[in-house]
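Engineer: The chain contents come next:
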Amino acid sequence: MIRLDELVQKLGGELVGDGSVCVDRVATLDQAGKGDLSFLANPKYLSQVKSSGAAAVIVGKSARDALTDRPRIVADDPYLYFAHVARHFNPPASVLGGVHLLAAVSCSVPSSVAIDAGAVVEEGVVLGEGVHIGAGAYVGRGAHVGANTRIAPRATVYAGCVLGQDCIIHAGAVIGSDGFGFARQRDGAWVKIPQVGRVVIGNDVEIGANTTIDRGALDDTVIGNGVKIDNQIQIGHNVRIGDFTAIAGCVGIAGSTRIGARCMIGGQAGIIGHLTIADDVVISAGTLVTKSIRQPGVYTANLPVQGHADWVKNFAHLRHLDTLVDRIRALEQRLEEREQS
Amino acid sequence: MIRLDELVQKLGGELVGDGSVCVDRVATLDQAGKGDLSFLANPKYLSQVKSSGAAAVIVGKSARDALTDRPRIVADDPYLYFAHVARHFNPPASVLGGVHLLAAVSCSVPSSVAIDAGAVVEEGVVLGEGVHIGAGAYVGRGAHVGANTRIAPRATVYAGCVLGQDCIIHAGAVIGSDGFGFARQRDGAWVKIPQVGRVVIGNDVEIGANTTIDRGALDDTVIGNGVKIDNQIQIGHNVRIGDFTAIAGCVGIAGSTRIGARCMIGGQAGIIGHLTIADDVVISAGTLVTKSIRQPGVYTANLPVQGHADWVKNFAHLRHLDTLVDRIRALEQRLEEREQS
Amino acid sequence: MIRLDELVQKLGGELVGDGSVCVDRVATLDQAGKGDLSFLANPKYLSQVKSSGAAAVIVGKSARDALTDRPRIVADDPYLYFAHVARHFNPPASVLGGVHLLAAVSCSVPSSVAIDAGAVVEEGVVLGEGVHIGAGAYVGRGAHVGANTRIAPRATVYAGCVLGQDCIIHAGAVIGSDGFGFARQRDGAWVKIPQVGRVVIGNDVEIGANTTIDRGALDDTVIGNGVKIDNQIQIGHNVRIGDFTAIAGCVGIAGSTRIGARCMIGGQAGIIGHLTIADDVVISAGTLVTKSIRQPGVYTANLPVQGHADWVKNFAHLRHLDTLVDRIRALEQRLEEREQS
Chain L
1 MIRLDELVQK LGGELVGDGS VCVDRVATLD QAGKGDLSFL ANPKYLSQVK SSGAAAVIVG
61 KSARDALTDR PRIVADDPYL YFAHVARHFN PPASVLGGVH LLAAVSCSVP SSVAIDAGAV
121 VEEGVVLGEG VHIGAGAYVG RGAHVGANTR IAPRATVYAG CVLGQDCIIH AGAVIGSDGF
181 GFARQRDGAW VKIPQVGRVV IGNDVEIGAN TTIDRGALDD TVIGNGVKID NQIQIGHNVR
241 IGDFTAIAGC VGIAGSTRIG ARCMIGGQAG IIGHLTIADD VVISAGTLVT KSIRQPGVYT
301 ANLPVQGHAD WVKNFAHLRH LDTLVDRIRA LEQRLEEREQ S
Chain Y
1 MIRLDELVQK LGGELVGDGS VCVDRVATLD QAGKGDLSFL ANPKYLSQVK SSGAAAVIVG
61 KSARDALTDR PRIVADDPYL YFAHVARHFN PPASVLGGVH LLAAVSCSVP SSVAIDAGAV
121 VEEGVVLGEG VHIGAGAYVG RGAHVGANTR IAPRATVYAG CVLGQDCIIH AGAVIGSDGF
181 GFARQRDGAW VKIPQVGRVV IGNDVEIGAN TTIDRGALDD TVIGNGVKID NQIQIGHNVR
241 IGDFTAIAGC VGIAGSTRIG ARCMIGGQAG IIGHLTIADD VVISAGTLVT KSIRQPGVYT
301 ANLPVQGHAD WVKNFAHLRH LDTLVDRIRA LEQRLEEREQ S
Chain X
1 MIRLDELVQK LGGELVGDGS VCVDRVATLD QAGKGDLSFL ANPKYLSQVK SSGAAAVIVG
61 KSARDALTDR PRIVADDPYL YFAHVARHFN PPASVLGGVH LLAAVSCSVP SSVAIDAGAV
121 VEEGVVLGEG VHIGAGAYVG RGAHVGANTR IAPRATVYAG CVLGQDCIIH AGAVIGSDGF
181 GFARQRDGAW VKIPQVGRVV IGNDVEIGAN TTIDRGALDD TVIGNGVKID NQIQIGHNVR
241 IGDFTAIAGC VGIAGSTRIG ARCMIGGQAG IIGHLTIADD VVISAGTLVT KSIRQPGVYT
301 ANLPVQGHAD WVKNFAHLRH LDTLVDRIRA LEQRLEEREQ S
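Chains as they are written, first to last, in this note's numbering: chain L, 1 to 341; chain Y, 1 to 341; chain X, 1 to 341.
EDC-like, lysine to aspartate or glutamate: derived pairs with alpha carbons at most 20 angstroms apart:
| # | chain 1 | residue 1 | chain 2 | residue 2 |
| --- | --- | --- | --- | --- |
| 1 | Y | K192 | L | D76 |
| 2 | X | K50 | X | D18 |
| 3 | X | K192 | Y | D166 |
| 4 | X | K44 | X | D77 |
| 5 | Y | K192 | Y | D220 |
| 6 | X | K192 | Y | D24 |
| 7 | X | K192 | Y | D77 |
| 8 | L | K192 | L | D220 |
| 9 | L | K291 | X | D310 |
| 10 | L | K313 | X | D326 |
| 11 | Y | K61 | Y | D77 |
Keep in mind the hints are simulated off the structure, nothing from the lab. Being a predicted model, the structure only gives us computed values, none of them experimental.
Construct the entire structure; sequences and hints are all you get.
Structural biologist: Listed below in C-alpha cells is the structure:
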C-alpha cells in the first residue's frame, strides 16, 4: 500500500489529483478495481479509462487533461513508469541461502547462495553471492554463475559456461550443449567435430524456458549485456549477440551469425549462419533472413494469410512467376512494335 | 483378448461376419496379423484390406459390403471407433500411490497420489486424488493439480499455476514461466515487468513434450477444457484458448491473443500477439497469422516448394512485384489508347 | 602436443615444410596463435592464412603451393582432416563407472556404466557397456541403451525406447513421448489414441538439446544409423529417417513421413505428415514441404527479405496474383485481336 504522492516522490512523474489516494497493485484498465493503479500506454484506449474501476491511472502527457475525474500520474513513458511501479509492488523473492539435502553439490557455496532439491552442481563451479539454483537444475564442471543470477528448475548449464550477474535462466533452458558441427565423409557419414568453445553470457540477461544456446566450436558463443531471449529459441554455435537485443519466441539463429546491439527479432523469425546483422535492426515475425543486413531499419518477409480457396487460386502462380514476367515482356515488345509501325 | 461380438456389445457398431473371432490388439492394415483388429479410415486404402493379415477390420458404412471375406465392424466413424478399441486394449497405467524416498515433497499428499524419484513438490501445492508426478518433475509453491492428472518426468509447473483433472503434461513441458514482458528505456535497456498472473488449465488437456506456456503478466493465461497441444509449442502470456482446440507441433502464439473453441492449428503455424481468432478456425501448417480472423473456415499462407533453380528464377520477382503491376497497368493504358484511336 | 610429421603419419595427408613443428590445439585462422593448427576449408579465405598466427595450416590441393612460408598439411578435404585432428586433441571424456548415491536405479548396471546424481533409471532397462547417464536424466521401464551411448543431464527416454551404440542425447531431449493422435467426436471433443509404438534409434546418432521424438502410435518411430539431429526439433510419431540424414535446428517433421538416407534438412524447415522424401534430398532453410519429393536435389521455398516499406508495396499483390494473371491474359487477347485485324 502506497500513497500516490509517495509513489511520485519515489519514481518521478507529475501527480494530478488527490495524492492521498492509496494503491497496492497494478492492473489492466478493464480488470482494475479499488486500490489498483492502471496505465494508459496507447491513447486509443482512452475511452477505457472512463469505465475502468482503477483508483488511479498512469498517463502520458497528451492524455494529461483528458481525464478530469480521477487521480493520475503523468509520465514521459507510461508503460515504462508502469514497469517500475509493478517492480515496486512485486520485488523479486529474496534468496534464502542454504543447500537442500537432496542436492548434489561438489563446489564451494557462499552462505548467501540457495541450491534447491535435486540440483546438481559439479566440481569447480564458481558461484557469486545471492545465486539461486532451482530444483533439479544442473551446472556443469567449472561453470561460473555471477552474483544474484537465478537458475530456474530443470535448467541445464554445461561445463565451462559463464553467466554474468543478475541473469534469469528459465526452466528447461540449455546453455552450452554441443554445436551442430560435423564434417562429411565421402560415404555420407558424419565425423563429429568436438565443440570446445564456451557460452559466455553478460549481465542482466534473461533466457526463456526451453531455449537452447550451443557452445562454440573453437571460439565462444557470446551473449551481450541486457539481452532478453524468450522461450523455445535456438542459438547456434559461435553466434554473437550485442547488448540489449531482444528476441521473441521460437526464433532460430544459425551458427557464427553476428547480431548487433539493440536489435529486436520477432517471433518465429530465422537467421541463417555466417551473417552479420547491424545494430538497431528490427526483424518482423516469421521472417527468414538469408543475407546480411548492414543498415538499421525494419525488415520483413512473410505472407498475407488468406482463406484457403483464395490462397490456392493466388499462390499457384508463384511457381510460374518467371513465365508471367516473360509474358509481360513479350506484351511490351509487341505493343512497342505496333506503336512504332 | 475379446470376441468381436462382445466388442460390439460394449462399443456399438454393426457386426458383419463371424462374431466369435477374437482380437487382442489394434494394428495398421499393413502390419496387422493374427489376432489383430485393423481399421479402414480412408476408403482409398480399400485394396489394402484384401492383402492385410488382420483378423477383422473396422469399416465405414460405404465399405460395408466391399469386403466379403473377413469379419468386420461397421461404424459411423471407423477412426473414432478404432480409438475406443485401442483404449480398451491399452488402458492408462493405474497409479500406485506413494512418495519415493528421493522425492522432496513439502505439501500434504493423498494416499492415492504417486510421486516418483527426484520430483520436487513445494509448499502449499494442492494435489487431487490419483495424481501421478513423474521422476524429476517440479511443481512450484501453491500450484493446484486436479484429480488423475499425470505429470511426466522432467516437466515443470511454476508456482501458483492451476491444472484441471485428467490432464497429461509430457516430459520437459514448462507451465508458468515468466512472460516476455519488458519496457524499454531510452538507452535501449529493458526493464523487466514482473509476471504475476497464472496459467490456468482446464480438464482433459494434453500438453506435449517441451512445450512452454507462459504465466500472465497481470491477468492469467487460460487454456480451456479438452484442448490438445502438441510438442515444442510456445504460448505467450495472457493467451486464451477455447475448449477442444488442437494445436500441432512447433506452433508459436504470441501474447494476449485469444483463440476460439474447436480450432485446429497446423504445425509450425504462428499467430502474432493481441489478435482474436474465431471459433472453428483451421489454420494450415506453416501459416503466419498477422490479422484477426473473425469467420470460421480454413486459412492458409505458405509457399509451394520447388527445385532450387526454379525457385531462384521465380521468387526473385517477388521483390519487384509492385513494378510488375505498374508494367501491366501501363500496358493496359497504352492498349486502351490504341484501341480508342 | 604432437609433431606435424607424427600427425601425418597417423592421419594421412601430405606434409609440406618443417615436420618438427609441434601443435597442441586447433583454432580458426583469425584466432590461431603459437602451437595452433588451423585450416583453410574455403579458398576464398586464402588471404587470412598470411595474417594468421597459426603454427601450421591444413589446406586443400589447390592451395598447396599458394603459401610458401608456413608448414602445411595438404589433404583431400581440409575440413574433414581438421575434424579428425580436433578429435585427436579433444577425445571424448572417458566414463568412470559408478552409480551416484542420489540416483534411483532399478535395473542391473554393468560396472563400466556411470549414472550421475538425480538420474532415474527404471526397472528392466538394459544398459550396454560404457554408457553414461547424466545428472537428472530419466530412462523409462524396459528401455535399451546401447554401449558407449551418452545421455546428457535432464534428457528423458520414455519406457520401451531403444537407443543404439555410440549415441549422444543432449540435455532436455525427450525420446518417446506420446504422438499427437486423437480421434474427434461430433461435439468436437478429442479421444486420445494410446501411443503404443516405440522410438528405435540406430548407432552413432546425435540428438540435440530439447529435441523431441514421439513414439509410434501402433508401429515404431525409426531413426537410422549415423543420423544427426540438431536442437529444438520435433519429430512426430511413426516418422522414419534414413541413415546419415542431418537435420538442422528448429525443424518439424509431422507424423508418418518417411525421409531417405543422406538427406540434409535446413533450419526451421517443416515437412507435413504422410509424405515420402527420397534419398539425397536437400531442403533449404525455412522451406515447408507439403508434397512428397521423389528425386534427389535441392528444394526451396522461402521469401526474399526486404525493407519493410518495400515489402508492404510488393507483397500486398500476392493476395491478387490471380487477378493479375487474368489481366495479363486479357492484354494478350486484346493485342492478338488488334494484330490480326
